[in-house]
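Construct the entire structure; sequences and hints are all you get.
Top line first, the protein sequences correspond to chains A and B.
21 is the number of the first residue of the first sequence in the working numbering; add one for each residue after it.
74 is the number of the first residue of the second sequence in the working numbering; add one for each residue after it.
Keep in mind that the hints are not guaranteed to be accurate.
[Said to hold, decoys possible] Incomplete in silico selection of chain B near chain A, CB under 10 Å:
#1 L161
#2 E461
#3 A471
#4 G478
#5 R479
#6 Q481
Just so you know, the hints here were simulated from the structure itself, not pulled from any lab data.
Remember, predicted model here, so these are calculated numbers, not experimental data.
Even glycine gets a Cβ: it sits at the ideal position worked out from N, Cα and C.
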Amino acid sequence: MSVYDTIIIGGGIMGCSTALHLARAAPRMKIALLERGLCGAQASGVNFGNVRSNGRPVSQMPLSLRSREIWSRITELLGVDCEYERTGALKIAFRDEDLAVLEGHVRDARDGFGLAVEMLGSAGLRQLFPWIASGAVGARHSLDDGVANPRLVAAAFGAATRRHGVDVRENFAVASVSHSGAAFSVVGEGGAALVARSLVNCAGAWGNLVASSFGEAVPMQALGPQMGVTEPLPFFILPSTSTVNSPIYFRQVRRGNIVFGGGPRAEVRPDLVRHYSLPENTARHAALLRSVAPALKSARVIRAWSGIEGYLPDSLPILGPSATTPGLVHGFGFCGSGFQLGPGVGAVLAELVLGGATTTPIAAFDIRRFAPAAAQETRA
Amino acid sequence: MTTIVIVGAGPAGVRAAECLVAAGCRPIILDENDRSGGQIYRRQPPGFVRSAQTLYGTEAAKAEALHRSFDTLAGKVDYRPGTIAWGLHAGVIHTVKAGRVDRIAFDRLILATGATDRIMPVAGWTRPGVFSMGGAQIALKFQGCVPGRRPALVGTGPLLYLLANQYLKAGVTPAGVFDTTPFRRQLRLVGGLAWDPRTLLIGLRYRLELVRWGVPVRCGIDPLAIEGDPAVTGFVYAKSGKRHVIACDGVALGHGLRSETQLAELAGVSFAFDRRTRQWLPQRDEEGRTPLGTVYLAGDGAGIGGADVAEIEGKLAAWALLHDLNAAVDDGERTRALRQLRRAARFRAALDAGFPWPHDIAARLDDGVVVCRCETLTAGELRRVAAEGAPDLGRAKALSRIGMGRCQGRYCGSACAEILSAALGCDIADVGRLRPQAPTKPLHVDDVEASL
Ligand SMILES: Cc1cc2nc3c(=O)[nH]c(=O)nc-3n(C[C@H](O)[C@H](O)[C@H](O)COP(=O)(O)OP(=O)(O)OC[C@H]3O[C@@H](n4cnc5c(N)ncnc54)[C@H](O)[C@@H]3O)c2cc1C
Ligand SMILES: Cc1cc2nc3c(=O)[nH]c(=O)nc-3n(C[C@H](O)[C@H](O)[C@H](O)COP(=O)(O)OP(=O)(O)OC[C@H]3O[C@@H](n4cnc5c(N)ncnc54)[C@H](O)[C@@H]3O)c2cc1C
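What follows is the structure, given as structure tokens:
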């Protein structure tokens, strides 16, 4: 039986970032990271690649800003270029009534959190981004949002974790977890057993397997956001772009391909680790692309894909200590927007493991918010 | 009414349709081509008037029979030529035809999607003037075009000798036939003689014809480079340790065929690695049933068997489908077809042994050779990510972009797998495969928009 100080379940961006921050803060700590397949092969490696703070709920802003600071030195942290770039981001309104919503966002982000974000009117928009369809009445333009290549980021997090001496065990599927006395024991599907003083649940859309083992399952639903990509075109779209009222977002990578995504999210099979891109979504997205950027009319879609992501009813993640079991911390269910948060979440979870507290406000993500009312009262 | 869809109007799809119609069904037939016939019995465009004998040579009678069969189905099938099946999910097939997308909910589906070329790259294979073997043959069959006046035929497989003969007939003398398989090895084909003497004799005649016309035939060669400035000017190879250069102004390159399996994969059919051909193939029973229950496979799309096998499999799949729908099937015919199939399988085994996919070349390719042409990625790049930590093709794709272009690895996948497994020193099956995604072929944004 192998004995560790900490075991992290899940080798996505959350688990790897946690392991990396722990290993840097406490080099002598014995850490195991367990991943069913390859690190970063699930949501963290297949997402759209938005590294965006703007437009998030206010409760997520401190965490997002902490992450943003880490993103700014991501190349140095990971030791590889992951195509992180502050391209800026646009959220376009095509109806006057949508402008007020965007203006509200701008005020919150700029005045509340000091982000570089501005409103553009239709004239300004046309001047800066002439490829946008006529009919756009304005947009939120956030200058320091950006993008990164998730395929590279997720794999690089795994590699960096290993370089920092973490015992990264890929192709290790956790079958069961339990807690007795002072230790957690984790058993793999192959029968291997590991023991540790603390346990970190970064199992993504599968996070309930761990949470329910400790009597605190949450009402999480696994779904598959729908992505697609076109053949390369000459580069002409810098910002990552979305609109207020249509389910499409897209960006152009430096190589020229247009990567796009949108709804509705599809059914997935977390039990089989399978996700599906629905052809009707690809068709709908292609049509919407053209309605926002008419020049994309001549583009050709070459591939569509999806991933498995955990969504909670209030669209906020589960992040913080377990309510039932000391030594257990959770960081899962990131509701379609965890890629940007990943580096910061790792820093927070590492603090929680090491000292039981974090400097970043995370009360809104407490797992107890889904506990039955009676249980919440007893605790209060 | 039961909706039955057949994808592919080649030998397999046509025979399947015929059996279904005979049983009173009216299948929908989708085919990307504008005319029926599939690859081998491809029909020429309207206005072209070459005879069947000219187009199909020894196979003219079979081609004419297949075309006739299909033509008599007119009105009894819902034939949709020029239609690509680009997506498939949850019992619905998504199509695009002449700028409009559409969808068909099916109860039963027969995939008869055929094959495409399998290619082992060689330095310079992306030069103008280099065609895939099948592509070169399509150009000839469809519109009477030849890549250059003195093309070299490079690769391995029966198609090499067939195409060289077709060129001779078309009045073009090839610069030579350069086969990666040693002649000794090809002699194993003789073992298959008992199972299909006719085909073997045709093969022999092709060789003699090349000798008669003085076309050099070199077997057991190691391809080194296709030279050019930039269009093709020559082909360089090694044989018995000596380097040779042959002048040519075009190259047809191909090392056998690979099954077109994307739709089977999207349908959710499970795949297994076939050691003999070193390809991942969809799983089915002898009659073409898949474990999905609603999807049947026939012809080269399920494993390369050749045109005669495709016809038999098309019938078997249709009968299996009818049987599963509780319709009556003539058991005598079915048994006869199964017998023919088993006999053909033995010939196919000999053919595969006689013209093996030259996988060993992969390990020797120079780092600078382009492997994935959609993304212009080299063998060296693939080896770099292997060293960096890509234990399988999926991760190699994530790190390097191989297979991320418009063909999704349909053309380079076989070679990439070999290069990766050689670099890692692991079993070829362990590197897995590139999973295809919809759309199976690039989908125009404006096509889609117009139809919503
Ligand atoms: C298609 C898509 C697009 C998205 N776009 C964006 C975007 O643009 N911007 C953004 O900020 N966010 C985006 N997201 C969300 C973001 O990708 C996720 O929130 C984030 O990656 C979650 O990271 P994770 O580590 O929690 O999950 P994952 O990356 O899924 O990692 C969890 C890991 O745990 C492993 N695991 C689970 N159970 C077990 C077990 N029993 N034993 C061993 N290992 C186990 C899994 O194999 C998996 O690798 C998107 C998500 C998807 C799916
Ligand atoms: C280029 C080429 C040339 C060949 N030449 C010869 C030859 O000369 N002699 C010989 O013996 N064998 C030849 N072969 C092998 C030959 O293809 C087969 O033995 C035979 O044609 C197999 O019949 P099939 O019905 O299985 O498939 P095919 O005849 O290949 O028919 C499959 C059909 O499905 C269609 N299709 C596939 N995917 C889709 C989709 N997503 N949407 C819509 N339609 C689709 C294709 O357009 C095609 O018409 C050749 C193969 C290739 C690839």
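Taking the hints in turn, this is what the structure says about them:
Because the beta carbon of B:L161 sits about 7 Å from the nearest beta carbon in chain A, less than 10 Å, this interface hint is met. A hinted interface residue such as B:E461 counts as satisfied when its beta carbon comes closer than 10 Å to some beta carbon of chain A; here the least separation is about 8 Å, so the hint holds. Taken as an interface hint, B:A471 checks out: its beta carbon lies about 4 Å from the nearest beta carbon of chain A, inside 10 Å. At about 7 Å, the closest approach between the beta carbon of B:G478 and any beta carbon in chain A falls short of 10 Å, and the interface hint on this residue holds.
Taking 10 Å as the C-beta cut-off, the interface hint given for B:R479 holds, the closest approach to chain A being about 5 Å. Given the 10 Å rule on beta carbons, the hint for B:Q481 holds: about 6 Å separates it from the nearest Cβ of chain A.
Of the numbered hints given earlier, the model fails none.
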